[in-house]
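Fit chain V to the given chain W structure using the hints.
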Amino acid sequence: MRKKASSVFVMTASILILFILGASYLHITNGVFDMSVMDVIKTLLRIEPNPKFDLVIFEFRLPRIVIAALVGVGLGMAGVVLQGITRNGLADPGILGINAGAGAAVVIFMFFFQLRLVTADMSSWLSILMMPLFGFVGGAIAAILIFSFALKNGHLDMQRLILTGIAINSGFGALSLFLSLKMSAQDYESAAVWMAGSIYNANWIFVVTMLPWLILLGIYVHRKSYLLDYFQLEEDSITSLGIAVEKEKMKLLLASVGLVSACVSVSGSIGFIGLMAPHIAKQLVGIQHRYVMPVSALIGAGLLILADYIGKTVFAPSELAVGIVVSIIGIPYFLYLLVKSKA
Amino acid sequence: MKKTNIMAFSIVAASPFLIVMIALVSVMYGTKDISAITIWQAISAFDPSNVDHQIVRTGRIPRIAAVLLVGAFLAVAGAVMQGITRNYLASPSLMGVNDGSAFVITLAIVFFPGLPNYQMILLSMIGSALGAGIVFGFGSLIRNGLSPVRLAIIGTVIGTFLSSIATAIAMYFQVSQTVSVWYNTKVHMVDMDMLLLAIPFGLIGLVLALLSAKAITITSLGEDIAIGLGQKTTAVKIISMLAVVCLTGTAVALVGKIAFVGLVIPHITRFLVGVDYRFIIPCAAVIGSFFLALCDVLSRFVNFPFETPIGVLTALVGVPFFLYLVRKHGGEKRA
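Quick note, the sequences are listed as chains W and V, same order.
With UniProt numbering as the guide, the letters of the first sequence map in order to residues 1 to 343.
With UniProt numbering as the guide, the letters of the second sequence map in order to residues 1 to 335.
Among these hints, one or two may not hold up.
Unchecked claim - In the DSS-like style, the derived pairs of lysine-lysine whose C-alpha atoms are separated by at most 27 Å in a straight line are:
| no. | chain 1 | residue 1 | chain 2 | residue 2 |
| --- | --- | --- | --- | --- |
| 1 | W | Lys282 | W | Lys4 |
| 2 | W | Lys251 | W | Lys282 |
| 3 | W | Lys247 | W | Lys224 |
| 4 | V | Lys214 | V | Lys232 |
| 5 | V | Lys237 | V | Lys214 |
| 6 | V | Lys186 | V | Lys32 |
| 7 | W | Lys224 | W | Lys282 |
| 8 | V | Lys257 | W | Lys182 |
| 9 | V | Lys32 | W | Lys182 |
| 10 | W | Lys152 | V | Lys328 |
| 11 | V | Lys186 | V | Lys257 |
| 12 | V | Lys186 | W | Lys182 |
As the list claims (entries may be wrong) - Away from chain W, derived, C-beta distances all over 12 Å, residues of chain V:
| no. | residue |
| --- | --- |
| 13 | Val12 |
| 14 | Leu24 |
| 15 | Asn50 |
| 16 | Pro200 |
| 17 | Val207 |
It should be emphasised that the hints constitute simulated quantities derived from the structure, not laboratory data.
Even for Gly, the Cβ is constructed at its ideal location relative to N, Cα and C.
Here chain W stands alone, though its shape is the one from the complex (with noise of 0.2 Å):
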């Protein structure tokens, strides 16, 4: 049984794998510029090198294709670790207002240090590495709100927790609003597009940025995987298996908070991708969280790269943010959960 769950799960991957190679090439060859497979892998090699297809390859196409990658596998882990925690299959960072926190926090930041996104060169560095702190004190106390009015007698009451989530979804969203608008003229542009949840200003400085959250706190939460495994079952069976539900919990909780800052404080928000990936994720290697926690992790990155794909051809010459396409494809998927759910 053991031995083919894990085949399954290899199997799965490598689709998985192959699915977002697709997904590239089909991003990294069209667009405003088309260039053929050809060009690409000879740019790509070293083989010609075309200053034109340099610029387009490696200041625009690559870095964003990376970062949708990134920003999907954060979403990915993270929505598989608050579904488990909360074992409630609408969770997800987005619906519970984590994002918004994150971002209130981001565009806190971006107001006092005057940052421009866009332009960003080497003196910034520092600060940009400061983002996704901020990010994460933000998204951390937006999580302690809602978990603070969703527990109920000591229990999670799931639908106090949405509800918390569409309160606090709009409370930091006015405040990142006011704070937008006392932007200089130029910071507002870069704080709009981000807020929109978007990439298309993506650049190798915001790869350097999540990169470390995201392999450390992604290994963290894959090691501790099997945890969430216990959490599905009652509350006695695990005390008495020797887990300290609460403190694993709220690590857990910590380190998915952080996952989503980090996503959150290059791309803006973007919902839903942590509510469907895990469940895909379930639907193709079973409900074992040590398998369901990379595949959904890879789904993430192949919807996000996807999603950001459509986004920039369909509505072509002008770019639709990568957040509306997620949104358009995972309401339909979260009213169909809402439809199976019982309750």
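Below, chain V alone, put in the same frame as chain W:
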């Protein structure tokens, strides 16, 4: 006479005073303060070459009129929705009504540019009906879907969906800017023609709401009791939803989406005047007007000399209130 009735009558009796006072404050203060004497001259002896007179006539007066109307419309719409669905979280912005209206207006701007104002108001109403129809239709499809919490979730999610689609369409046809001017809060640039048109449409909604007030009180006791008392529940629901559609459609067409007024004010009103909708509806109109006008005045000074969107101020009051309601009532049905 019961104590709550006295409260209701005193609110209505005090309303002229309250409204005039807040209106005067609203016209007098802003980026440029204007004295009461100048205002009186602008109304009685208008001098087109006087800048202050121009500000009063074309800027401040239409603005306060629009804000007062919209405050009343949204508060009454929220009260009617809460009574008829027995859902303490029902309100235009949470139930996808606002977003439905904005969605249809986006389609209109894309496919039929340059429509006359009254048709825009009608379309806005059709959109409200569409948004409410989808949310309630979906809610009645799924088990327990009309319970307060579930309906709020469905409403929010479908609202987000409609506005995402609207954004995508606007982006595709490259009219984002026109659309965002249309349905983002725009109290500082009220269209005079639209304002004049909004009055009859809104009045129809208010009259419908007042006419069905007694029936709403009975419905709010519970469907079974209402049927037992011989009430035609379907007719009541249709008429009251028509009122909601008229009121919110007009409000969105006039100033855009403003959240939380329709949620918060009915609760405050019920707290003051009790559970009889014949008292709740007129009082909600008064309190809603006053509340939104107050938010509007404050919105000019929070970040002086720049204006803050009025939605930021309504959220400031609305979000804590919403959290309080969720904390207090959880999933139970009542309104």
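Each hint, compared with the structure:
no. : hint                 : result
1   : Lys282/W to Lys4/W   : holds (15 Å)
2   : Lys251/W to Lys282/W : holds (23 Å)
3   : Lys247/W to Lys224/W : holds (13 Å)
4   : Lys214/V to Lys232/V : holds (12 Å)
5   : Lys237/V to Lys214/V : holds (12 Å)
6   : Lys186/V to Lys32/V  : holds (19 Å)
7   : Lys224/W to Lys282/W : holds (17 Å)
8   : Lys257/V to Lys182/W : holds (21 Å)
9   : Lys32/V to Lys182/W  : holds (20 Å)
10  : Lys152/W to Lys328/V : holds (11 Å)
11  : Lys186/V to Lys257/V : holds (9 Å)
12  : Lys186/V to Lys182/W : holds (18 Å)
13  : Val12                : holds (31 Å)
14  : Leu24                : holds (27 Å)
15  : Asn50                : holds (31 Å)
16  : Pro200               : holds (32 Å)
17  : Val207               : holds (32 Å)
The structure shown violates none of the earlier numbered hints.
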